[in-house]
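Trainee: Residue-level listing of the chains:
Number of protein chains: 2
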Amino acid sequence: MSLDGRYDPDNVFAKVIRGEAPAAKVYEDHDSLAFMDLFPQSRGHVLVVSKGSQARNLLEIEPERLQHLVLSVQRVARAVRAALKPDGVAVMQFNGAAAGQTVFHLHFHVIPRYADQPLGGHGHGRMADPAELQALARAIAAEIT
Amino acid sequence: MSLDGRYDPDNVFAKVIRGEAPAAKVYEDHDSLAFMDLFPQSRGHVLVVSKGSQARNLLEIEPERLQHLVLSVQRVARAVRAALKPDGVAVMQFNGAAAGQTVFHLHFHVIPRYADQPLGGHGHGRMADPAELQALARAIAAEIT
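Sequence order for the protein chains is A and V.
Mapping of the first sequence onto this note's numbering: position 98 corresponds to residue 98, and the numbering continues sequentially without gaps.
Position in the second sequence (from 1) plus 145 gives the number in this note's numbering.
If we strip away everything but chain A, and leave its shape as in the complex, we get:
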């Protein structure tokens, strides 16, 4: 198998889901959670995860759960656009370390793109200011429909 080891129930996203690690939450429902990336590649970078699944990646997740999750990705992408008015929005989802995955709990990146700004490197960004992330999370959450 590989795509890099077994599911670790103590990965950081699992801790966020259980409330054991802090996060600036944008959206939550019965099976999905969206929160600000602590190492944003651009201003307003949000992560969207499944709450109930222990899938490491897109290949493993139960199809019904994936169908629910992708609606949350769409909802968040629309809200990011409404709140922050970026010029574009990139959605990325990495499977396996060779693809750039660093946390092995399935997640979608919703990354606002601004015409004049190159994208920060994935996993190489600087940690964001928590207060600023909370403010961004509130602004995006206000646009969720």
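No lab work stands behind these hints: they were computed from the structure.
C-beta: ideal position from N, C-alpha, C; glycine also.
One or more hints might be untrue.
[To be verified] Facing chain A, from chain V, some residues (calculated, C-beta under 8 Å):
{"hint": "1", "residue": "V215"}
{"hint": "2", "residue": "R226"}
{"hint": "3", "residue": "L229"}
[Claimed, not checked] Residues from chain A that keep clear of chain V, each with C-beta distances beyond 12 Å, as calculated:
{"hint": "4", "residue": "R6"}
{"hint": "5", "residue": "Y7"}
{"hint": "6", "residue": "D8"}
{"hint": "7", "residue": "P9"}
{"hint": "8", "residue": "N11"}
{"hint": "9", "residue": "F13"}
{"hint": "10", "residue": "K15"}
{"hint": "11", "residue": "E28"}
{"hint": "12", "residue": "L38"}
{"hint": "13", "residue": "Q54"}
{"hint": "14", "residue": "P112"}
{"hint": "15", "residue": "A131"}
{"hint": "16", "residue": "Q134"}
{"hint": "17", "residue": "R138"}
{"hint": "18", "residue": "A142"}
For this one, chain A is given, so just place chain V on it according to the hints.
Mentor: Only chain V this time, still in chain A's reference frame:
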């Protein structure tokens, strides 16, 4: 609105869907089509599009159609992995020119990643050999489940 202009019914993916432009097809059902990217960022780069929607991007597509499309993305990602044994698989979806979108018909990229190979630039690759794409398409199609 922007995210770059109105839907153009003569965009190249619409032509592929109508059979007016050639493509090395990997998978097709009533509302989705997967085919090899002519300018692959890595060996086995597949595009997955909705057939019935005129959505330019993820923000616009009808939720039910998106739910169907994402299952086709999963199906193709699994088949790419089974056929080509890459070390990872990246799924990318760009909304707006500022995010890297070049064809304004919603599409998902399924991009195999190989540990020793950097990713070719999106939209800057060399055109692939059509016979090689057909062979890759057949190999991936044989693993669709």
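Trainee: Can you give the numbers of the hints that this structure goes against, from lowest to highest?
Mentor: Going through the list in order, the structure violates hints 3 and 14 and respects the others.
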